[in-house]
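Undergrad: For reference, the chains in residue letters:
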Amino acid sequence: MFTNMIIGRYMPGNSWIHRLDARTKLILSVAFIFVVFFANNVAGYVVAIAFTLLSILLTGLGVGVFIRGVRPLMFLMFITTLLQLFFVQTGDVLWHWAFLTITTDGVTNSIAVFVRFMLIIMFSTILTLTTQPLAVADAMESLLQPLKKVGFPVAELALMLSIALRFVPTLMDEAESIMNAQRARGVEFNEGNIISRIKAFVPLLIPLFINAIKRAIELGDAMEARGYRGGDNRTKYRVLTWQKQDTIAVIGFIVFTVLLIATKWL
Amino acid sequence: MTPIIELSHVTYSYPNSDTPALKDLSLTINQGEWVAIIGHNGSGKSTLAKLLNYLLAPTAGDITIAGTPVTEENMWAIRDMVGMVFQNPDNQFVGATVADDVAFGLENRGIAREEMITRVQAALTEVQMAAFADREPARLSGGQKQRVAIASVLAIQPKILILDEATAMLDPKGRREMIALVHELKTRMGDELTVLSITHDIEEAASADRVVVINDGDLIETGAPAQVFANADKLREFGLAVPFAEQLKEKLRERGIDVPASYLTTEGMVDWLWQSISTK
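Residue numbers (numbering that gives the first Met the number 0), protein chains in the order written: chain W, 0 to 265; chain X, 0 to 279.
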């Protein structure tokens with residue numbers, strides 16, 4: 000049951016995108032969210048869709064994986080699109096009933112929002128599908144380095160993130176065995192209405208939390224025994240290296256941005 | 000023989016507890032020794048381990064490690080000398096992969112990356128885990144995780160290895176492999192490595208040079224395994240398991256068969272049985 004909870008889980012591979020530096024992928028994914036707003040006509044969207052499809056093809060994972068990644072967010076996309084459809088009141092009225100009005104602007108806006116949403120999710124999924132969570136944490140640490148100057152505990156935050164990621168499978172296994180223990184005593188996790196289902200999770204969460212705290216105490220002892228004393232004088236075993244392909248990816252992205260802006264004058 | 004661990008009149012009470020976990024305990028362990036500390040659950044043996052690297056500070060008494068007093072000022076120097084492997088394989092695995100975990104202690108000490116790479120590789124080779132360097136902990140068995148924990152300690156090149164119930168959560172095979180690994184390390188490193196294993200596994204304790212029995216915070220007995228294990232009644236009195244060979248000897252004695260009084264390992268007992276049958 001836990002396998003479909005993670006949106007766009009890392010899928011191992013050795014594609015050109017997989018081999019990119021995590022920092023490149025992180026920066027470009029964030030940049031894409033802003034850049035995609037430059038698209039404001041059909042040509043712009045065609046360029047944005049083409050660029051996203053090209054990036055997806057370069058991951059070598061197949062479009063199906065990405066569509067499955069979008070599915071959990073479909074509901075949210077649907078609501079946003081509906082809101083656009085009914086609340087934009089400018090343009091010619093196409094349909095009117097009681098307080099509901101659909102206008103031409105409403106239709107074009109909702110299509111634009113839908114496409115934009117879809118593209119942003121797909122592009123972010125490229126990051127999560129092709130990059131190990133740990134590499135993303137490393138990338139964040141590296142990109143946040145400047146904040147160290149103002150006293151922000153970057154190294155501590157990165158270690159916290161990496162330990163949290165490290166314990167995800169451990170805690171999932173634990174949840175699974177607690178659930179089995181509860182099932183053996185007659186608890187039904189997948190039956191009844193939503194309220195009784197949520198209630199069934201309470202006896203799962205309490206032992207899970209207690210054990211997690213115990214684990215944290217033991218982990219703290221183990222870390223201290225191994226000489227951990229805060230982030231400042233530590234060296235790093237894992238390093239990120241900027242390669243030629245990262246420069247190429249950034250140039251590719253700049254070209255895309257310029258093209259997208261250029262479509263305004265088409 | 001030079002003493003490496005010295006405890007003199009050490010007492011420790013947990014906060015909010017009336018009875019001390021350790022009472023006026025004095026003990027000397029020499030360099031290169033392999034000492035097993037045995038005792039039932041809650042006897043204070045894990046508390047003793049935590050005192051040795053200043054995870055806990057004694058309420059009274061003094062501890063020195065290789066001549067250095069175990070105090071707050073010296074705690075990081077002490078932790079460079081004392082490596083610890085704990086009971087739960089998952090709760091001491093800090094790194095996201097095997098190699099990262101072994102590197103953790105080195106990162107903490109600010110060791111240069113090139114040096115780290117060679118040390119991680121060497122430590123993993125010693126515990127036969129080099130092929131697993133890129134594995135995540137979720138894909139390792141308990142025994143493999145404990146071997147990684149030993150590698151993490153070895154990478155620091157400590158003088159003392161403390162195994163705090165390190166085999167308690169393993170299956171019999173994993174347990175045997177761990178004991179065999181410690182044997183191997185001891186044979187190769189000789190006096191360079193002192194091993195202190197805190198356990199209630201009798202087979203693990205029987206591998207040591209010396210056994211220390213602790214009961215409710217008191218040091219009851221210290222001696223060679225053969226000497227300590229020969230007294231089955233006393234072991235039972237302190238809530239400890241009696242080794243299989245001793246149990247067999249007791250049963251034989253009840254049937255009026257003459258058995259040697261000295262302690263025998265399971266293999267020793269088998270040899271003795273063969274010999275007594277063939278001489279009849």
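These are computed hints drawn from the structure, not numbers from a lab. By construction, the Cβ of each residue, glycine as well, lies at the ideal position given by its N, Cα and C atoms. Hints are supplied without guarantee of correctness; some may be wrong.
[Stated by the list, open to error] Quick list of in silico lysine-lysine cross-link-like pairs, DSS-like style, CA-CA up to 27 Å:
(1) W:K147 x W:K213
(2) X:K250 x X:K233
(3) W:K213 x W:K198
(4) X:K22 x X:K250
(5) W:K235 x X:K158
(6) X:K250 x W:K213
[Claimed, not checked] Computed from the model, here is a short list of chain X residues facing chain W with C-beta under 7 Å:
(7) N52
(8) L54
(9) T58
(10) A76
(11) R78
(12) M80
(13) M83
(14) V93
(15) N107
(16) M115
(17) T117
(18) R118
(19) A121
(20) D133
(21) A137
Undergrad: A separate judgement is required for each hint: does it hold in the structure or not?
TA: Okay, the hints, checked on the actual structure:
no.	hint	verdict
1	W:K147 x W:K213	violated (31 Å)
2	X:K250 x X:K233	holds (17 Å)
3	W:K213 x W:K198	holds (24 Å)
4	X:K22 x X:K250	violated (36 Å)
5	W:K235 x X:K158	holds (25 Å)
6	X:K250 x W:K213	violated (43 Å)
7	N52	holds (6 Å)
8	L54	holds (6 Å)
9	T58	violated (19 Å)
10	A76	violated (10 Å)
11	R78	holds (5 Å)
12	M80	violated (11 Å)
13	M83	holds (4 Å)
14	V93	holds (6 Å)
15	N107	holds (4 Å)
16	M115	holds (5 Å)
17	T117	violated (12 Å)
18	R118	violated (10 Å)
19	A121	violated (14 Å)
20	D133	violated (11 Å)
21	A137	holds (4 Å)
Of the numbered hints listed earlier, those contradicted by the structure are 1, 4, 6, 9, 10, 12, 17, 18, 19, 20.
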